[in-house]
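Participant: Sequence:
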Amino acid sequence: MRKAYSYIRMSTNVQLKGDSLRRQLDASEVYAKNNDFELVDSIDGRPLKDIGISGYNGINSQKGVLSVFLDALEKGEIEPNSVLLIESLDRLSRDRLSDALTQFMGILSKGIEIITLTDNQKYTKEIIDKNPGSLYISLGVMFRANEESEIKSKRLKAAWESKRQNANTQKVSKLCPAWLKYSEKTENFELVETKAKIVKTIFDLCISTCGLYGIARYLNENEVPVFGRGKLWHRSYIKKIISNRATIGEFQSFSMVDNKRQPFGDPVKDYFPSVVDEKTFYLANSAITRRDVSEKGRKGISFSNLFTGVVYCGDCGFKMILRNRGIRGGKSLQCGNKQEGGGCKTSDWNFNTFEKIIFNHLLEIDFNSLLNSEASYKDLTYEIEALLEKQSTKEIESQNALDISLTATLSMESKSRVIDKLNSIESEILDIKNQIKKLRNASEEEKENKETLSKESLKRMVEILHEHSDDYFFRSALNQILRRTIDRITLFDHKLAYQAWDIEQDDPVVKQYLREKPNLSMQFEKLVETSNFEIYYKNYYKRLTIKYKTGSVRHLLYGTNASFLSSNFIKKN
1 MRKAYSYIRM
11 STNVQLKGDS
21 LRRQLDASEV
31 YAKNNDFELV
41 DSIDGRPLKD
51 IGISGYNGIN
61 SQKGVLSVFL
71 DALEKGEIEP
81 NSVLLIESLD
91 RLSRDRLSDA
101 LTQFMGILSK
111 GIEIITLTDN
121 QKYTKEIIDK
131 NPGSLYISLG
141 VMFRANEESE
151 IKSKRLKAAW
161 ESKRQNANTQ
171 KVSKLCPAWL
181 KYSEKTENFE
191 LVETKAKIVK
201 TIFDLCISTC
211 GLYGIARYLN
221 ENEVPVFGRG
231 KLWHRSYIKK
241 IISNRATIGE
251 FQSFSMVDNK
261 RQPFGDPVKD
271 YFPSVVDEKT
281 FYLANSAITR
291 RDVSEKGRKG
301 ISFSNLFTGV
311 VYCGDCGFKM
321 ILRNRGIRGG
331 KSLQCGNKQE
341 GGGCKTSDWN
351 FNTFEKIIFN
361 HLLEIDFNSL
371 LNSEASYKDL
381 TYEIEALLEK
391 QSTKEIESQN
401 ALDISLTATL
411 SMESKSRVID
421 KLNSIESEIL
431 DIKNQIKKLR
441 NASEEEKENK
451 ETLSKESLKR
461 MVEILHEHSD
471 DYFFRSALNQ
481 ILRRTIDRIT
491 LFDHKLAYQA
501 WDIEQDDPVV
511 KQYLREKPNL
521 SMQFEKLVET
531 SNFEIYYKNY
541 YKRLTIKYKT
551 GSVRHLLYGT
561 NASFLSSNFI
571 KKN
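Mapping of the sequence shown onto the UniProt record's numbering: position 51 corresponds to residue 51, and the numbering continues sequentially without gaps.
Mimicking EDC-like on lysine to aspartate or glutamate, the simulated pairs with C-alpha atoms at most 20 Å apart in a straight line are:
| # | residue 1 | residue 2 |
| --- | --- | --- |
| 1 | K122 | D36 |
| 2 | K200 | D270 |
| 3 | K356 | E516 |
Estimated spans, in silico, between C-beta atoms of each pair:
| # | residue 1 | residue 2 | range |
| --- | --- | --- | --- |
| 4 | E190 | E29 | 45 to 51 Å |
| 5 | D507 | G342 | 33 to 39 Å |
| 6 | E77 | N188 | 50 to 56 Å |
None of these hints come from the bench; they were simulated from the model.
All residues carry an ideal CB built from backbone N, CA and C; glycine is no exception.
Please work from the sequences and hints to get the whole structure.
Facilitator: Below is the structure:
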C-alpha cells in the first residue's frame with residue numbers, strides 16, 4: 001500500500017480557532033481512504049503540522065516540520081512512489097518563485113507525487129515532462145502565493161512603522177514584559193509591584209553578589225514565584241531580564257531580516273515605566289560581561305574559590321585553578337598549564353593557607369558594604385564601571401551604524417539619517433569618556449586622601465569570613481568586591497633546590513617552625529630531613545603580588561607574613 005504523507009500548514013494560530021485545520025485534515029483522510037493510501041500524519045514522532053509558521057521566505061522549510069520531512073526525503077527514509085498531500089501549493093511554500101520551484105522540483109525528483117486537494121491536481125516528474133502545461137499552473141500558483149505574502153508583508157511593515165513613529169503618544173500594542181500590565185482605564189502600562197520587586201532583587205544580586213547560577217539558586221531556594229508557567233527560575237531567563245532594556249523603560253521594535261529577528265528603528269525611551277535606573281542596568285550587564293570572560297561555570301555549594309579568575313602563575317602566566325582532592329588531599333591552587341601537562345613545574349599552593357594569609361594584607365580594599373551588611377552603588381568605582389559598560393554599548397551601536405552606511409543600498413535621505421545617528425552616537429561616546437576621566441581623577445584624589453583600611457576592620461572582615469565559610473551568597477558578594485578592585489594576583493614559586501645539609505640550626509625558618517610547633521621533640525638533624533619541614537621551608541620563601549585596578553601593587557612575603565605597597569614601608573601582622 002502506497003503511503004500518503006499529509007502536510008498541513010497554517011501561518012497564524014487564529015486559523016486554528018476557525019475551520020482551516022479541520023478542513024485540511026478531513027480532505028486528507030477522505031482522499032487517502034478513497035484511493036487506498038496508508039495515511040501518514042507524523043514523521044520522527046512529530047505531527048506533520050506547521051501551526052503558526054509562515055511559508056513566506058521559506059520559514060517552514062527551514063524551521064518547521066516540513067524541514068524534517070525534506071531531511072528524511074534527502075536521506076532516503078521516505079519510500080519513492082509515496083504521495084505528499086497538501087491543500088494547495090501555497091501551503092507548501094510562499095517563497096520567491098525560483099526558490100519555491102527548486103523545492104517543488106526537488107521533491108518530485110525523489111519519486112514523490114504531490115497532490116493538491118482543493119483542485120485535485122497531481123504532479124510527478126513524468127507528468128511535467130509529458131505535459132509542461134501542468135508546470136505553468138503550478139508556477140502561477142507559486143507566483144500568486146509569494147505576491148500575496150509580499151503585499152501582506154509590506155502592509156504590515158507600513159502599519160508597524162506608523163505605530164512605532166507614534167509610540168511616544170500611543171502604545172504600539174498591549175503586549176508588555178511580565179512585570180508590567182496594560183491598564184484599559186489609563187491606556188498605559190503599569191508596574192506589577194510584586195514582580196517589579198523581584199526584578200529589582202535580580203539586579204541587586206547580579207551587581208553585588210552572584211552570577212546567573214547563584215541568582216537562580218537564590219530565587220528557587222526562597223520559592224520566589226516564577227514569571228509564566230515554569231516551575232523554576234533558569235539562568236537563561238534571568239539573563240534575558242537583565243539584558244532587556246524595557247527594565248529602564250525603553251521599547252525596541254523588531255523585524256525579520258533573512259529569517260533573523262533584528263532591531264528595527266531607534267528605541268523609544270520612556271515607553272514603559274522603568275523598574276531600575278540606567279546606572280543599575282549598566283552595572284548588572286557589566287557584571288555579566290566580567291563573569292562571562294573569566295568566571296565560567298558554577299562555584300559549588302559554598303563558592304569555594306573567592307579569587308576565581310584573578311590568580312595567575314608567576315612562572316608561566318597561566319591562571320591558577322582550584323583543585324579539591326577531598327578530605328585527605330584538601331584544596332589547592334594549581335597552575336592550569338601544569339594541570340594540562342604543559343610543562344610548568346611550579347608547586348601547588350594550599351588554598352586554605354593562601355586565603356587565610358592574603359586576607360590579612362588586603363589593606364586597600366573597602367569591605368564596608370559587607371561589614372555593615374548593606375550594598376551601596378554610590379562609590380566612584382561603581383560609577384566608572386557603569387559608564388564603561390554604557391560606552392561599550394554605544395561603541396557597538398556606532399559600529400553597526402557605520403556598517404549600514406558603508407554596505408547597505410540606501411537612498412540619500414536614509415543614508416543622511418544614518419550619518420546623523422552615527423554623529424549623535426559619537427558625541428555621546430565622547431561625553432561618556434569625559435565623564436569617566438573626571439571620575440577617575442576624583443577617584444585618585446579620594447585615594448590619596450583616604451588611608452588604608454584599619455587593621456581592626458580587616459580583622460573583623462576575617463572573622464566574618466570565617467563565620468560565613470559555607471555561605472554561598474556572602475562569599476559570592478565578597479568575590480564581587482575583590483573582582484572590582486583587584487586586577488590580578490601573581491604567585492611566585494622560587495623552586496628552591498632543597499638540600500637538608502645546607503640548613504643551619506639558627507636558620508630563621510627553623511626557628512619559626514619550632515615556634516609554631518612547641519611540643520615537637522626531634523633532633524635538628526632528623527627534623528630537616530622530614531618531608532613536612534621541606535614543604536614548610538619551600539613555602540616560606542614563596543611570594544605573591546596583588547595588583548589593584550588603580551595600578552598600585554602590594555607585595556606579600558609568604559613565609560614572613562609581611563607585605564609592602566610598592567616602595568612603601570613593610571607592614572607585618
